[in-house]
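Spelled out from the first residue to the last, the chains are:
Protein chains: 2
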Amino acid sequence: MHNTQVQLAKQPEGNPKTSDFQVVKADVAKLSDGQFLARNIYLSLDPYMRGAIAGRHMGHQRLNQGDVIYGRCLAEVMESKHPGYKAGENIVIESGWQEYYVSGGEADDEIRKVDATLAPLAANLGVLGMPGLTAWAGVEKLANPALGSTFVVTAAAGPVGGTAGQLAKIKGCRAVGIAGSDKKCRLVVNEYGFDACVNYKNKNWTDELKAACPNGIDTYFDNVGGPVLDAVTQQLNLYGKVIMCGLVSQYNRASDSPGHGHNLGVFVGKRAQLLGLVVYDYYARFGEYLKAAAPLLKAGRLKFHDDRVEGIDKAPEHFVKLMNGLNTGKALVAVGPEKL
Amino acid sequence: MHNTQVQLAKQPEGNPKTSDFQVVKADVAKLSDGQFLARNIYLSLDPYMRGAIAGRHMGHQRLNQGDVIYGRCLAEVMESKHPGYKAGENIVIESGWQEYYVSGGEADDEIRKVDATLAPLAANLGVLGMPGLTAWAGVEKLANPALGSTFVVTAAAGPVGGTAGQLAKIKGCRAVGIAGSDKKCRLVVNEYGFDACVNYKNKNWTDELKAACPNGIDTYFDNVGGPVLDAVTQQLNLYGKVIMCGLVSQYNRASDSPGHGHNLGVFVGKRAQLLGLVVYDYYARFGEYLKAAAPLLKAGRLKFHDDRVEGIDKAPEHFVKLMNGLNTGKALVAVGPEKL
Numbered sequence: 001m002h003n004t005q006v007q008l009a010k011q012p013e014g015n016p017k018t019s020d021f022q023v024v025k026a027d028v029a030k031l032s033d034g035q036f037l038a039r040n041i042y043l044s045l046d047p048y049m050r051g052a053i054a055g056r057h058m059g060h061q062r063l064n065q066g067d068v069i070y071g072r073c074l075a076e077v078m079e080s081k082h083p084g085y086k087a088g089e090n091i092v093i094e095s096g097w098q099e100y101y102v103s104g105g106e107a108d109d110e111i112r113k114v115d116a117t118l119a120p121l122a123a124n125l126g127v128l129g130m131p132g133l134t135a136w137a138g139v140e141k142l143a144n145p146a147l148g149s150t151f152v153v154t155a156a157a158g159p160v161g162g163t164a165g166q167l168a169k170i171k172g173c174r175a176v177g178i179a180g181s182d183k184k185c186r187l188v189v190n191e192y193g194f195d196a197c198v199n200y201k202n203k204n205w206t207d208e209l210k211a212a213c214p215n216g217i218d219t220y221f222d223n224v225g226g227p228v229l230d231a232v233t234q235q236l237n238l239y240g241k242v243i244m245c246g247l248v249s250q251y252n253r254a255s256d257s258p259g260h261g262h263n264l265g266v267f268v269g270k271r272a273q274l275l276g277l278v279v280y281d282y283y284a285r286f287g288e289y290l291k292a293a294a295p296l297l298k299a300g301r302l303k304f305h306d307d308r309v310e311g312i313d314k315a316p317e318h319f320v321k322l323m324n325g326l327n328t329g330k331a332l333v334a335v336g337p338e339k340l
Numbered sequence: 341m342h343n344t345q346v347q348l349a350k351q352p353e354g355n356p357k358t359s360d361f362q363v364v365k366a367d368v369a370k371l372s373d374g375q376f377l378a379r380n381i382y383l384s385l386d387p388y389m390r391g392a393i394a395g396r397h398m399g400h401q402r403l404n405q406g407d408v409i410y411g412r413c414l415a416e417v418m419e420s421k422h423p424g425y426k427a428g429e430n431i432v433i434e435s436g437w438q439e440y441y442v443s444g445g446e447a448d449d450e451i452r453k454v455d456a457t458l459a460p461l462a463a464n465l466g467v468l469g470m471p472g473l474t475a476w477a478g479v480e481k482l483a484n485p486a487l488g489s490t491f492v493v494t495a496a497a498g499p500v501g502g503t504a505g506q507l508a509k510i511k512g513c514r515a516v517g518i519a520g521s522d523k524k525c526r527l528v529v530n531e532y533g534f535d536a537c538v539n540y541k542n543k544n545w546t547d548e549l550k551a552a553c554p555n556g557i558d559t560y561f562d563n564v565g566g567p568v569l570d571a572v573t574q575q576l577n578l579y580g581k582v583i584m585c586g587l588v589s590q591y592n593r594a595s596d597s598p599g600h601g602h603n604l605g606v607f608v609g610k611r612a613q614l615l616g617l618v619v620y621d622y623y624a625r626f627g628e629y630l631k632a633a634a635p636l637l638k639a640g641r642l643k644f645h646d647d648r649v650e651g652i653d654k655a656p657e658h659f660v661k662l663m664n665g666l667n668t669g670k671a672l673v674a675v676g677p678e679k680l
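Those sequence lines, one after another, are chains L and G.
Every letter in the first sequence is one number past the one before it in my numbering, and letter 9, counting from 1, is 9.
Basically my numbering = 1-based index in the second sequence + 340.
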């Protein structure tokens, strides 16, 4: 059986290019006892992968030429010689940019079994997956925004930002998004139901943000860092919170660049709280999140939007788009059919 | 009656110089109804004044040539036409770098009456004053460091850092100071009783800090910011807290300099909490602090160390020393005798 893989051709410098990747055909190894064969259905593309490829993301070794690219997939167990997994089960697994993956079981791969009745399968990589858990942890466990307070989030069209703003809104906040295109902003307001969304590529975007946040900003869920963080901070209220979730603006930087520096004086004067968020801390509480989110999803109060392409060979192009901020919604690759 | 004042001669550029100040003799105004005359006994010199002079510190207008320099003093009410103040009372008052001050009462001047039996009068500007309250707020209200955890503080010989480390030690922490000279470090260890103190001017100071903090750093009470913060952060434990209290390393910067930038990525990975501290928020709780600290002071468990000069005309020289890190302990000017 053939297995189409996407491997590293060479380490990206700055913004990744499709030529940094190579698509190859490999064979699928035979199963040994204690192993199972997973068939990837959806591959999740996420900004953290840029750092993982370069060895800058926790728990990920820098990739070498010929290594399969890191990636979390919604997969189906095809065949199993492992007592914990049965053929036909759906799982989320760190199985990489490829069609098939032989797993030795949970210890290796952070596998999570998926209840296929909760939501469309692909949602388990976005709103009900790691991005959704990230949003929930930041909103519910770190920020705990007050009723009637103003909650601002960047990358608001994406699955982390989009879910975070919706959860804050459901908790009684004014939710204001920041995103990089008018198309994204329309998604954020019209589909996700935020109160407002500002396109930070507009020249007067900070004035627009001020107009959208007449009472100032109480919580800023930051996915981007850099100059946008500096600008938003100017509008942060006294005792405001900044959830430091991601620094997408810094992920494409050259390996020898120190990255954008932030002056901390403004945070002292505002008595701000800056809280670092790493989603891996919350994996043990996935069940708690699903209990809160799945009913909201079923009831149509929590929305999601996929931006998908078909075929594993399209993954590099779609990832390059993501890292240039050109996709809208959750970036996915449909690797194979949901059912064979 | 003559009143010797220290006024601004010109706005300092970078490190302040004595020539930025001018000593002049003025007259004391006659009292109107609702006013009282304060005689300054001790003037407190604090790093925040550098920013206040330049209009960079909250609530302080930028000073012009001829303005009396901002300053908090331990004073005695000499004569009063204000119903709230009686001759002979000791107060802490924002009365400036001068011998006498006519006050209109609390609304103008953030006046605090002092119990002269609690401690030596000068202590009300240091360990039992605003610096002590700052330390207490950071340790007790923001950091709340765990028993057995490691607590690191910069400017450890000064009244904020010295008190913070002692309070943390009394709460069962390992207290490690960072200071700018071996003399300061001896004060910190031998008088204040810290477990260790590192001179950050030593070439291998980060190795020395590592040796002094074998279990890493759980709480970092930061008074300096800049490259020292960057270096300490490398040794911060997961879930560590940074109390952002001051940025002394940045106070002398030129007005057109953006200051030192900090990369926030490291704080995300460490799930750090950065908490901004402004002591003014805690003035309403001064009594709570004194209730905790005064008995410790009386029992000899909480120590302080003054670095004083005699005469208001010596204030500029002593302030320049302070802003160059050349004083040891709480910088004070003895303006007049405790009792006439």
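These are calculated hints, taken from the structure and not from any lab test.
Do not rely on the hints blindly, as some may be mistaken.
Said to hold, decoys possible - With the Cβ distance kept under 7 Å, some of the chain L side facing chain G (calculated, not the full set): (1) 102; (2) 104; (3) 105; (4) 257; (5) 259; (6) 263; (7) 265; (8) 279.
Said to hold, decoys possible - Now the in silico label distances, taken between C-beta atoms and shown as ranges: (9) G:486 x L:110: 36 to 42 Å; (10) L:288 x G:355: 34 to 40 Å; (11) G:512 x L:14: 32 to 38 Å.
Stated by the list, open to error - Below, simulated DSSO-like cross-link-like pairs (lysine-lysine); rule was C-alpha separation at most 27 Å, straight line: (12) L:141 x G:453; (13) L:291 x L:141; (14) L:141 x G:610; (15) L:183 x L:17; (16) G:654 x G:523; (17) G:453 x G:610; (18) G:421 x G:365; (19) G:511 x G:610; (20) L:270 x G:610; (21) G:643 x G:357; (22) L:183 x L:291; (23) G:481 x L:270.
Here the structure is a predicted model, which means the values were calculated and not measured.
Beta carbons are placed, not taken as given, at the ideal position from N, Cα and C, and that holds for glycine.
Okay, the hints, checked on the actual structure:
A cut of 7 Å between beta carbons decides the hint on residue 102 (chain L): the least distance to chain G is about 31 Å, and the hint is violated. The interface hint given for residue 104 (chain L) is broken, as the beta carbon of that residue sits about 28 Å from the closest beta carbon of chain G, more than 7 Å. Checking residue 105 (chain L) against chain G by beta carbon gives a least distance of about 27 Å; that is not within 7 Å, so the hint is violated. Given the 7 Å rule on beta carbons, the hint for residue 257 (chain L) is violated: about 10 Å separates it from the nearest Cβ of chain G.
Look at residue 259 (chain L): its Cβ gets to within about 5 Å of chain G, closer than 7 Å, so that hint holds up. For residue 263 (chain L), the interface hint holds, the least distance from its beta-carbon to any beta-carbon of chain G being 5 Å, beneath 7 Å. Using the Cβ-Cβ criterion of 7 Å, the hint placing residue 265 (chain L) at the interface with chain G is satisfied: the shortest such distance is roughly 5 Å. With a least beta-carbon distance of about 10 Å to chain G, the hint placing residue 279 (chain L) at the interface is violated under the 7 Å criterion.
Between residue 486 (chain G) and residue 110 (chain L) the beta carbon distance is about 30 Å. The supplied range of 36 to 42 Å is therefore violated. Between residue 288 (chain L) and residue 355 (chain G) the Cβ separation comes to about 54 Å, which falls outside the hinted range of 34 to 40 Å. A beta carbon spacing of about 49 Å between residue 512 (chain G) and residue 14 (chain L) contradicts the range 32 to 38 Å that was offered as a hint. Taken as a hint, the residue 141 (chain L) and residue 453 (chain G) pair is broken in the structure, with Cα atoms around 42 Å apart against an allowance of 27 Å.
Between the alpha carbons of residue 291 (chain L) and residue 141 (chain L) the distance comes to roughly 15 Å, so the proposed pair stays at or under 27 Å and holds. The straight-line distance between the Cα atoms of residue 141 (chain L) and residue 610 (chain G) is roughly 16 Å, inside the 27 Å bound, and the hint therefore holds. Proximity of residue 183 (chain L) to residue 17 (chain L) is assessed by CA-CA distance (about 24 Å); at most 27 Å being required, the pair is judged to hold. For the given pair, residue 654 (chain G) sits about 23 Å from residue 523 (chain G) by alpha-carbon distance, which is consistent with the 27 Å threshold.
In summary, the hint linking residue 453 (chain G) to residue 610 (chain G) is not supported, as the alpha carbons are separated by about 44 Å, beyond the 27 Å threshold. A distance of roughly 25 Å separates the Cα atoms of residue 421 (chain G) and residue 365 (chain G); the hinted pair therefore holds under the 27 Å criterion. Straight-line distance between C-alpha atoms of residue 511 (chain G) and residue 610 (chain G) comes to about 24 Å, which keeps the hinted pair within the 27 Å bound. In summary, the hint linking residue 270 (chain L) to residue 610 (chain G) is supported, as the alpha carbons are separated by about 23 Å, within the 27 Å threshold.
Proposed proximity of residue 643 (chain G) and residue 357 (chain G) is contradicted: the alpha carbons are some 31 Å apart, above 27 Å. A C-alpha spacing of about 32 Å is found between residue 183 (chain L) and residue 291 (chain L), which places the hinted pair above 27 Å, so the restraint is violated. Distance restraint check for residue 481 (chain G) and residue 270 (chain L): the Cα-Cα separation of roughly 16 Å lies within the 27 Å cut-off, and the hinted pair is therefore satisfied.
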